[in-house]
Amino acid sequence: MTGESVATDAVAELTDLAVWFPTPAGMVHAVDGVSLTVRRGETLGLVGESGSGKSTTGLALLRLVEPTAGTVQVAGQDVTRWSRRRLRRLRRRVAMVFQDPQASLDPRHTVGASIAEPLAVHRLAASGTARRDRVAELLDLVGLRRDLAERHPHELSGGQRQRVGIARALAGEPDLIVLDEPIASLDLSVQAQIMNLLRGLQRELGLTYLFIAHDLAAVEHMSDRVAVMYLGRIVESGTPAQIWREPAHPYTAALLSAVPVADPPVQRSRQRIILAGDVPSPIDPPTGCRFRTRCPQARPDCAQTDPVLVEISSGHQAACLFAGGAVRAMRAQPTNASSP
Amino acid sequence: MNDETVLSVADLTVTIGTRRGAARAVAGVDWSVRAGETLALVGESGSGKSMSVLAATGLAPRAARVTGDVRLLGTDLAALSAARRRRMRGRHVGFVFQDPMTSLNPVLTVGRQIGEASEVHLGLTRRAARARAIEMLELVGIPSAAERVDAYPHQLSGGMRQRAVIAMALVCEPDLLIADEPTTALDVTTQAQIVELVADLQRRLGTAVVWISHDLGVVAGLADTVAVMYGGRIVEQGAVDAVFAEPAHPYTAALLAARPDPDANVTELVTIPGTPPSPLELPEGCAFWPRCSVRGDSRCERELPPLVPVAAGHQVRTFYPRQTREDR
Amino acid sequence: MSGNGDSTSRRALVALGRDPLAVTGGVVLALLVVAGLAGSWLAPAGINEVDVDRMLQPPSWAHPFGTDELGRDVFSRVLVAARVSLQVGAVSVGIALLAGVTLGLFAGYYQGWLDNVLMRCMDVLFAFPVLLLAVAIVAVLGPGLSTAMVAIGVVYTPIFARVTRAGVLSVREQVFVRAAVATGASDLRIMRRHVLPNIAAPLIVQTSLSLAFAILSEAALSFLGLGVQPPEPAWGRMLYDGRGFITDAWWLGFFPGAAIFLTVLAFNLVGDALRDVLDPRQLTVSEARRNAG
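Chains as they are written, first to last, in my numbering: chain B, 62 to 401; chain W, 2 to 329; chain U, -16 to 276.
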């Protein structure tokens, strides 16, 4: 996202990151040239559909997947080639909250034991009493009763479990928390609670987040800056207002118009851009622009040139040969019908 | 009852015996859907929205005890033998579920699976059924249908599979389509395609649709009427415009406000404290009372509010309906 | 394993208590343990009290299981031999458990070449007929109780390695293991705190079934004269010695045989019942059926 040298306030930085996985069908290009910087105290939103590589990008920040190419820097240190043993220290600096709070908690451990795990691993509590006190403090922070420390995950509701996952992530006082779809598996009424909690904690403790989600409205609400991913690449980045009001990449515009609005007259009469077909296979991504196979504004040039992110206005970048113009043309002739 | 009514459900209850006691999954629900109309059932997990539809169409699990009056095209389903009920359901009702992979048999081609129902219910020959399957695949917008008819489910993408399931559901031109969270497992751009497809097919075929969803945005775009469920009961019911514009139940209002709105710049989202109740431990009075921001008086705690009209065709189950705009 | 007095184990115990077969097996095992611990005190006669006047007497009130060719009380000998069987079972299964779980844990956790090497070795061990392998090991180490225990332990190592590895492979893919990696936990910590407790159920089942087979194997080795050496009593050895009198004095072989049979049956009953109540799939299936919808 930034071409310039490492900003001093960068908590984490990915440069030209590629993550490829070998599969029987061929090499999956899950992430294919992603550069981004997370700055201290901000929330960077990473949004995309399944197969966009957004989760893999998040895992790469903790070195939970091996980068095929590119570098991963955390707190100014290049951790790309760190050994397994050294990486364990990195993982105190970067914590993670997972999508499914039920699956991410060991069913046989009490809530207290799960929250205390980072404390035990990084020897952050001098004694058993100190550890218990810290767990109680963390439970307070995430708005859970202290006596829940003795319970097992299956005795908790989905929202409570996700609060436990957040408390565990906070335990090691990390520089950065990677939130991988933290609200996707929660009930609607609980999603708002968790988003408020995350924002409240950020204000209170000065946290830095990488917020990964497929839910555009949630990303817009949570983030200071947003990056939109498609097929292993960032196709557009900017402030939430820029992304929401003046999308410059046709994919962003299509994504926005596909998000349903809970207002019947508006939703029924909206101009919509309905994309044809499905996301192409990341084993064999299209030549040139990766979005051209579904882009309503694709032109012959798009198959030839692989567009790079270019600055459109201050802090707003898009990877489209016809950035801005293509979206205006699409909006002028919406494609409301989907049947051939 | 209107002639066009395709499916009507009256005083439907579903009780499921569990190790920890009887779970009242659905506790007295009335709704109906007419030809060409879309009824959306909205609610969070455990609200009973899916169970009420499964029970109405005879697909409730065996452990469930179902009571109430269910009429499909005017026929009382309870009065039919199991075999006749099954035949009637197969002929007149199509189903689309959340995960297309579980609705499709992995070892049969999609063409066979789509054609099968038409062989059974319409008496088509194998060859005619295949032609019908191709026709259906074209109808649901699958490109090169004549080739895809011989594809196995794993050879199709998620969106294509759901289209194939819709083709399967509609092959007998049913009077009613039940769609149970059919887009929840799909990406938003694919979801938009599927919603558009169902709406378009409904316009062309005049099918009645019952669409079960937790996504208020999806519902806003496709429903004619909406029933909001909470704790096994309908808490608000009415025309979709009225319910969304002037929600009278505190739960509906809170649910609508809980979504972040990118056009309104708010730091703090409106939340509903706590979590949806388990069907095993429903509160005695109003099920929403423990989480309610209005929290009237002890009456809410003890007494179940009746479903009362607040406007023509708009009913709500609360002692304290929110004031409509005209009142303010 | 962390002391999780959690509701799963409690539920499992309650469920076991409701299963009449499991209760029967449990009672037999309890009697066996009592006999093993206190057999020498409980025995009405000394195990080596030779009395030529009472040779080969059929069962009577004085000698409920009769006497053998040296006039020794068979009941007392069967009772005391329980200790040997228990000891062999516990030690050999202990060896198999320790070795098998360690190998399976590392193979399943690290996968790759380590997994390949370890599991191919286990396959080779597994391919031998159990008794043949045990006989070969005893032949190398010399006969006797301790070598019999080692031999049986080696023979049952592959099965524990396989059960462990299969469990590790599935637990390893769980999100909570990834979450532990993400907190920076070491591999050993993850194996000890997260993987092992979550594969305990199949291991407990396998342990109880293997105890039965270990006791059977010891009996077979003793029967072949490769296990416990006379005059110390062992069920297999007694069976062997009684073989010559099978037509005249059936009780010599019958009672040790019955003891082996009952013990093995009891372990199998308990093992099967444990499998039913501990198998997480069975739990989820029945729960799913109950909470369907």
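Heads up, a few of these hints could be off.
[As the list claims (entries may be wrong)] If you anchor each label on the Cβ, the simulated ranges turn out as follows:
no., chain 1, residue 1, chain 2, residue 2, range
1, U, A149, W, P107, 23 to 29 Å
2, W, T268, B, G137, 50 to 56 Å
3, W, E285, B, D201, 28 to 34 Å
4, W, A147, U, V107, 23 to 29 Å
5, B, V327, W, T268, 23 to 29 Å
Please keep in mind that the hints were generated in silico from the structure rather than gathered at the bench.
Beta carbons: idealized from backbone N, C-alpha and C, even for Gly.
Hint by hint, here is what the structure shows:
1. U:A149 - W:P107: 23 to 29 Å: Given range 23 to 29 Å: holds, Cβ gap about 24 Å.
2. W:T268 - B:G137: 50 to 56 Å: violated, 31 Å
3. W:E285 - B:D201: 28 to 34 Å: Given a distance of about 32 Å, which is inside 28 to 34 Å, the answer is holds.
4. W:A147 - U:V107: 23 to 29 Å: For W:A147 and U:V107 the Cβ distance comes to about 54 Å; the hint is violated.
5. B:V327 - W:T268: 23 to 29 Å: Since the Cβ atoms of B:V327 and W:T268 sit about 24 Å apart, the hinted range of 23 to 29 Å holds.
Hint compliance for this structure: hints 2, 4 are not met, and every other hint is.
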